[in-house]
Amino acid sequence: QKEVEQNSGPLSVPEGAIASLNCTYSDRVSQSFFWYRQYSGKSPELIMSIYSNGDKEDGRFTAQLNKASQYVSLLIRDSQPSDSATYLCAVVLSGGSYIPTFGRGTSLIVHP
Amino acid sequence: GAVVSQHPSRVICKSGTSVKIECRSLDFQATTMFWYRQFPKKSLMLMATSNEGSKATYEQGVEKDKFLINHASLTLSTLTVTSAHPEDSSFYICSAGRDTYNEQFFGPGTRLTVL
Chain A
17 QKEVEQNSGP
27 LSVPEGAIAS
37 LNCTYSDRVS
47 QSFFWYRQYS
57 GKSPELIMSI
67 YSNGDKEDGR
77 FTAQLNKASQ
87 YVSLLIRDSQ
97 PSDSATYLCA
107 VVLSGGSYIP
117 TFGRGTSLIV
127 HP
Chain B
38 GAVVSQHPSR
48 VICKSGTSVK
58 IECRSLDFQA
68 TTMFWYRQFP
78 KKSLMLMATS
88 NEGSKATYEQ
98 GVEKDKFLIN
108 HASLTLSTLT
118 VTSAHPEDSS
128 FYICSAGRDT
138 YNEQFFGPGT
148 RLTVL
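Protein chains in written order, with my numbering: chain A, 17 to 128; chain B, 38 to 152.
I should point out that these hints are in silico values taken from the structure, not numbers from a laboratory. None of the values given here were measured: they were computed from a predicted structure. Each hint should be verified, as a subset may be incorrect.
What the hints assert, rightly or not - Simulated crosslink set (DSS-like; lysine-lysine; CA at most 27 angstroms straight-line):
id: 1; chain 1: B; residue 1: Lys79; chain 2: A; residue 2: Lys58
id: 2; chain 1: B; residue 1: Lys78; chain 2: B; residue 2: Lys92
id: 3; chain 1: B; residue 1: Lys101; chain 2: B; residue 2: Lys57
id: 4; chain 1: B; residue 1: Lys57; chain 2: A; residue 2: Lys58
id: 5; chain 1: B; residue 1: Lys51; chain 2: B; residue 2: Lys78
id: 6; chain 1: B; residue 1: Lys101; chain 2: A; residue 2: Lys58
id: 7; chain 1: B; residue 1: Lys103; chain 2: B; residue 2: Lys51
id: 8; chain 1: B; residue 1: Lys103; chain 2: A; residue 2: Lys58
id: 9; chain 1: B; residue 1: Lys78; chain 2: A; residue 2: Lys58
id: 10; chain 1: B; residue 1: Lys103; chain 2: B; residue 2: Lys79
id: 11; chain 1: B; residue 1: Lys57; chain 2: B; residue 2: Lys78
id: 12; chain 1: B; residue 1: Lys103; chain 2: B; residue 2: Lys78
id: 13; chain 1: A; residue 1: Lys58; chain 2: B; residue 2: Lys51
Said to hold, decoys possible - Far from chain A, by Cβ distances over 10 angstroms, these chain B residues were calculated:
id: 14; residue: His44
id: 15; residue: Val56
id: 16; residue: Val99
id: 17; residue: Thr112
Don't be surprised by glycine CBs; every beta carbon is placed ideally from N, CA and C.
Could you put together the complete structure from these sequences and hints?
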């Protein structure tokens with residue numbers, strides 16, 4: 017059974033700090049990994065995708081993938097109150113029908 | 038970027054009526070589109086996967102006769118909620134898949150309220 021696990025939070029960090037969000041997955045043949053941000057009452061927005069081991073940076077966001085340990089993380093540097101949202105991790109298997117499995121999401125609160 | 042539109046954004050209808058929701062990928066061709074439902078403060082729930090030109094694949098527990106999905110072209114999928122009832126009130130979100138990178142892009146969602 018495919019599973020994607022996230023701590024539901026809330027994770028509370030002060031403005032300017034680094035927020036670290038973690039996600040573990042159960043299926044070893046997973047090949048594509050995504051982070052989505054969802055504001056309350058809105059639909060998810062793709063913010064990062066990562067496909068190979070290591071780090072991928074995009075602005076204040078860094079995604080980290082470790083396939084051997086089956087985890088993917090998202091770091092948000094210089095956190096801002098506008099980053100307060102729910103962050104969803106999604107995983108897609110290789111050779112499949114591209115149906116992603118979503119985690120339940122981690123609620124992030126950045127307080128001034 | 039990859040843009041997905043959804044229409045209408047909000048609909049209020051009477052119990053027993055049918056509601057159609059359109060999902061369009063505006064700047065790319067989407068072989069696969071997904072339909073989700075989300076209740077307040079709950080996780081996304083995948084309802085069905087649709088591929089252009091073929092029948093949709095519904096998740097367990099989703100009534101295919103109640104939630105009709107048509108994926109008529111590579112840029113358009115529709116979800117029709119037939120004979121809607123108050124318990125169908127929810128936030129319905131579509132997404133379109135860009136196969137090259139397995140990425141999914143979500144539409145803005147449709148908030149359905151059935152009175």
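Here is how each hint holds up against the structure:
1. At most 27 angstroms may separate the alpha-carbon atoms for a hinted pair to count; Lys79/B and Lys58/A meet this at roughly 13 angstroms.
2. At most 27 angstroms may separate the alpha-carbon atoms for a hinted pair to count; Lys78/B and Lys92/B exceed this at roughly 31 angstroms.
3. In summary, the hint linking Lys101/B to Lys57/B is supported, as the alpha carbons are separated by about 14 angstroms, within the 27 angstroms threshold.
4. Simply put, Lys57/B and Lys58/A have alpha-carbon atoms about 20 angstroms apart, close enough for the 27 angstroms limit, and the pair holds.
5. Among the hinted pairs, Lys51/B with Lys78/B is consistent with the structure: their alpha-carbon atoms are about 25 angstroms apart, no more than 27 angstroms.
6. Note on Lys101/B and Lys58/A: the hinted pairing holds, with a Cα-Cα distance of about 26 angstroms set against a maximum of 27 angstroms.
7. Under the criterion of a C-alpha separation no larger than 27 angstroms, the hint pairing Lys103/B with Lys51/B is consistent with the structure, at around 16 angstroms.
8. For the given pair, Lys103/B sits about 25 angstroms from Lys58/A by alpha-carbon distance, which is consistent with the 27 angstroms threshold.
9. Distance restraint check for Lys78/B and Lys58/A: the Cα-Cα separation of roughly 11 angstroms lies within the 27 angstroms cut-off, and the hinted pair is therefore satisfied.
10. Of the pairs offered as hints, the one joining Lys103/B and Lys79/B holds, with about 22 angstroms between alpha carbons and a cut-off of 27 angstroms not exceeded.
11. Among the hinted pairs, Lys57/B with Lys78/B is consistent with the structure: their alpha-carbon atoms are about 24 angstroms apart, no more than 27 angstroms.
12. For the hint pairing Lys103/B with Lys78/B, the CA-to-CA distance comes to about 24 angstroms; that is within 27 angstroms, so the pair holds.
13. Between the alpha carbons of Lys58/A and Lys51/B the distance comes to roughly 24 angstroms, so the proposed pair stays at or under 27 angstroms and holds.
14. No Cβ of chain A comes within 10 angstroms of the Cβ of His44/B; the nearest lies about 13 angstroms off, and the non-interface call holds.
15. For Val56/B, the requirement that its beta carbon stay farther than 10 angstroms from each beta carbon of chain A is met, with the minimum near 18 angstroms.
16. Against chain A, the non-interface label of Val99/B holds: every CB pair exceeds 10 angstroms, the least being about 14 angstroms.
17. Interface exclusion of Thr112/B from chain A stands, the closest Cβ pair being 17 angstroms apart, more than 10 angstroms.
The structure shown violates just one earlier hint, number 2.
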